[in-house]
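**Student:** Here is how the chains run, residue by residue.
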Amino acid sequence: MSTVQFGSVSVDYGAGPVVVDVSLDVVEGEWLAIVGPNGAGKSSLLRTIVAAVDFTGSVLVDGQSTTTMGDKERARSVAYVSQRPVYPHGMAVFDFVLLGRTPYLGTLAAESSEDIALVWDALSTLRLESFAGRDVATLSGGETQRVSLARVIAQHARILVLDEATASLDVSAQHEVLETIDALRTSHGMTVVSAIHDLTAAAQFCDSVAILEQGRLRSQGPPLEVLTEAVLQDVFDPSIRVLEVDGNPVIVSLRSEESHQ
Amino acid sequence: MNAGRPAQTRLHWWWVAGATLALVAAIIAGVMIGVVDLSPMDVVRSTLDKVPFVDIETGMTTREEAILWQIRMPRVILGVVVGSMLSAAGAAYQGVFRNPLADPYLLGAGAGAGLGATLAIAYASDTADWLVDPLPLAAFVGAIVGVSFAYFVGYTVRSGRTSVTLILAGVSVAAFLTAIQTFIQQRESDTLREVYGWILGSLNTAGWGEVRLAVPYVVVSLAVVFGGRRLLDVLSVGDTDASTLGVRPGRIRLVIVIFATLGTAAVVAVSGLIGFVGIIIPHTVRLLTSASYRVIVPLSILLGGAFLVVADIIARTAVAPAEIPIGVITAIFGAPFFAIILRTSKGVVS
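Each protein sequence line maps, in turn, to chains A and B.
What the first sequence shows, in the numbering used here, is residues 1 to 261, in sequence order.
What the second sequence shows, in the numbering used here, is residues 1 to 350, in sequence order.
Derived by calculation from the structure, the hints in this document are not laboratory data.
Do not take every clue at face value.
To be verified - Here are some chain A residues the structure puts well away from chain B; computed CB gaps all over 12 Å:
hint, residue
1, Y104
2, E129
3, V136
Claimed, not checked - Computed spacing ranges between beta-carbons, pair by pair:
hint, chain 1, residue 1, chain 2, residue 2, range
4, B, K50, A, D54, 27 to 33 Å
5, A, E114, B, V164, 51 to 57 Å
6, A, D12, B, T205, 55 to 61 Å
7, B, A175, A, V171, 48 to 54 Å
8, A, G39, B, F152, 33 to 39 Å
9, A, L108, B, K50, 30 to 36 Å
10, A, D12, B, G227, 51 to 57 Å
11, B, G227, A, P37, 45 to 51 Å
12, B, A124, A, E114, 56 to 62 Å
13, B, T20, A, D54, 46 to 52 Å
14, B, R187, A, G141, 37 to 43 Å
15, B, L288, A, V171, 55 to 61 Å
16, B, R193, A, L108, 25 to 31 Å
Remember, predicted model here, so these are calculated numbers, not experimental data.
Every residue gets a Cβ at the ideal spot worked out from N, C-alpha and C, and that includes glycine.
So here's chain B without its partners, still in its complex pose (with noise of 0.2 Å):
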């Protein structure tokens, strides 16, 4: 008898060290890289310093040890946190949805905290005296209602709660959302340039502030997510197969959302609207790897996090002072690089 599985749908144990390689290698590279170039034993030594117990000589001023500790680290880690939700979401949306173009934003999460955010930026100002930041909250909040209200349409079609029908309603609810922020963008347009900067997304208010409001959503729902690998597998043969194999595909559909929402809603609000990410990162693992989620997830929350903070590199040193949105550099950069991927490699986007 055969024993174990066999080598073509394994998770490879070189894949995982690989891509765990790649993470910590762009996290080294992003807090050394910048205006001040930091040496990268450096950076080792100053991290291991921070170890309990542990207590060495780091060989770095204290204006260097600032720079690593209160502006890059915290930047790096934030997308570390952005890029691994943004492809897992990614993966969780395609695979319960059963739909390669699906991504984060698909059911109007983007939409909603675009409109969020544009509500902030354009009629709450005037924050300094306020507790909390009203933009995060705002894109937050935006987000999860935009999904809700794409849930509430496409669940009370009366022909049939399908994938089809939720997909459907999420675009006409996102198409709905975009349209009111647009018209406020144009009433306000003083405020136009620094809504448009928040939509193509950024890392550059990072702070540990912002790593600590997003890590506990971020964290409950990976672990969702990654708990569900199984479970998006089961849902890759329809929804009528998957329920004659003993699982509810619209209870498992659900959960995942609201999950994967959950992240996605606590990233979009520290970082706006970071695109590509989502599609490609997940669909690079498949035609690299293997199309079972079991291998899509867990490769795609390390290499989307190793991608997002080489992403913001090339953002904040490419034009520096300057910096360019990271929206646009995951697409300039994400675009050709994923052709590539897909004209050579020999596996299949379903």
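This is chain A alone, in the form it adopts within the complex (with noise of 0.2 Å):
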């Protein structure tokens, strides 16, 4: 079993709450996206399964809460890629890597050959063996993305947690990497959750959307019932449109007349 279940999950920082009020179930194996604009505490819900803010209300990970959670314990369940990664200038990709086996060893342990190998197979899924030596931090936005999704396979954790993890790519590696991660959930039966800004990713790849305004929670179900032009114009911007092409949704925000004069 690996599913995330928020229950009136509330995130105030000091100035005002960020997230109000959300209970939301993510169900096995499915990904779910949470979209909304620019503030809406979409980072701040996804930060709160893995407990690295204080909130209010209950997150279960596979039935148990994320707070009385052992650190390693959770780290086994979740995997967290966070908006903007720290790619250590020097670090070799491979020791990127293995950093996902850190929950499973004891304080003072050092890996063992049975990590040093899981490592391995995890850039072997990636085809990322010849890059094992590089630098992590000279290599482009969609190869560190990479190097992250084999860092979340070595911590073989089942929930999969991105946040805006495509945000910074070019139109291809961005669709490389949503495949990919496509393909992990299906190869190694996760669970995912993204903050997505991209909404006909979200429309194409998820199983599931979520749309937070303000902190709130506006709606949730399947991304054609979500995703509706009424909705996003409401909740985005009323120049918004919902396309169909070859069958897919594409979501596209058109320029007005009077902005072309």
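The two chains are supplied separately, each in an independent frame; assemble them into the complex guided by the hints.
**Tutor:** Written out as structure tokens, the structure is:
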């Protein structure tokens, strides 16, 4: 079982609430996209899953509260890729992926040959073996995202939390990373929760979409039911149009006639 | 399937062997070189003679034996202890604060020790009948109090406990303590020379007593920093990522800082404020070998000791019989050396 249940979750950093009373279930094996305008509380909601922010309410991972789980126990269940991961200068790709084994090691223990083998497996899954000795800080955006995903594989967590993981990538790199995540979800039986700005990608890749607006849950359900033109125009901007190309929804913002003149 | 780590991420045996060789060579040079030159073979023979159940004719006069074992050896060993400790503490501080400019004095250990030493020199000058020498004790306590004060200020910041707030707290505490120290120094200007000499650091008072005083703290401190080298790598991806990997960055930082400070305070107490070692040695190792603390920590321990022993040889022989403060030597020779490494290396200072 690998599920996430948010029960009346609220987050307040002291300057007013950023997440307000959100209740939401993520079922096993599904990919849930959390969408919403900047500042809607997407990242804060995701960070409650890894207990990286203080919050009220409850977040259950496989039925267990994330705040009462041990740090290592939680890290064995949930892997997290932040919005702007730090790729330390000079750190080899191999060492970066090896960090994924941290939750399985005692405080002063060194990695075993099994840990080393698991890192090679993870690198192999993402075709990164030839990058093993490269400086992680010198890779391109798409390559670093794959390295982050390799660390997720090495971490052996069943729940993957992604915070805008593809935001800084060009169209083809973004598509490749999203396909990789989807393949991992199937091959490794993962449940994915991701904040995502690209509404078209959310509609095409995710099983379920939750819209956050000013910290509150506006709606949740299958993409085609939730990402309607009326709702998106209300939440984001009146310029939004939902088109259909080869049966897939394509969500774009159209410039108005007045702006052209 | 591939076996083992890629070559770029290993702590190669020849790096360890080379650094160990450098340390041994520095120790031998350190005990040989001086006003009275001792032959390297005599030094080796006399050392073997000290090994239990070994009895070798050393070929040295009693006076030479005394120079070797009462004067030079404790000084060289103290150089190793101080250099290793400051380098390891520097690496540890750079790791826990993810800041290349971090050194062992960052959180007020230097300023606190400076104030403690100044107080001892200015107000406890007549210490002939004292049970313990107040100078190292005051410096030790000053260093611990300085860092504790910085930690207290940094951890009560309302906006959040981050490594940056801790560094800023350290900077303000250091400025505050230095101001008091300068004030006292100015009021008691007859002690100016002694205070100034202490602040620049020296190993010239070294005897076995100083070695015995510092070694227990240094051994414990080095063991903790060495044991925590993998965790320093985990912290390098930032606090949020590190916490999602199942560690507690704040707790690791606290433990490492406590033990690095303890060792630093102990060596500062017996050698004064020797600067620059804690910055250049870990960075030189990083630039020449690897950015992983698994490599940086052990090699810094070995090379830091070697570097300080060599610096001390220059300090006591360049203008003999006078001595140059060792802090001056570490900077004069260390800075250009480090600049060359920085210019020619392909490595990166993060």
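**Student:** Mind listing which of the numbered hints don't hold for this structure, in increasing order?
**Tutor:** Hints 1, 2, 3, 4, 5, 10, 14, 15, 16 are the ones this structure does not satisfy, whereas the remaining hints hold.
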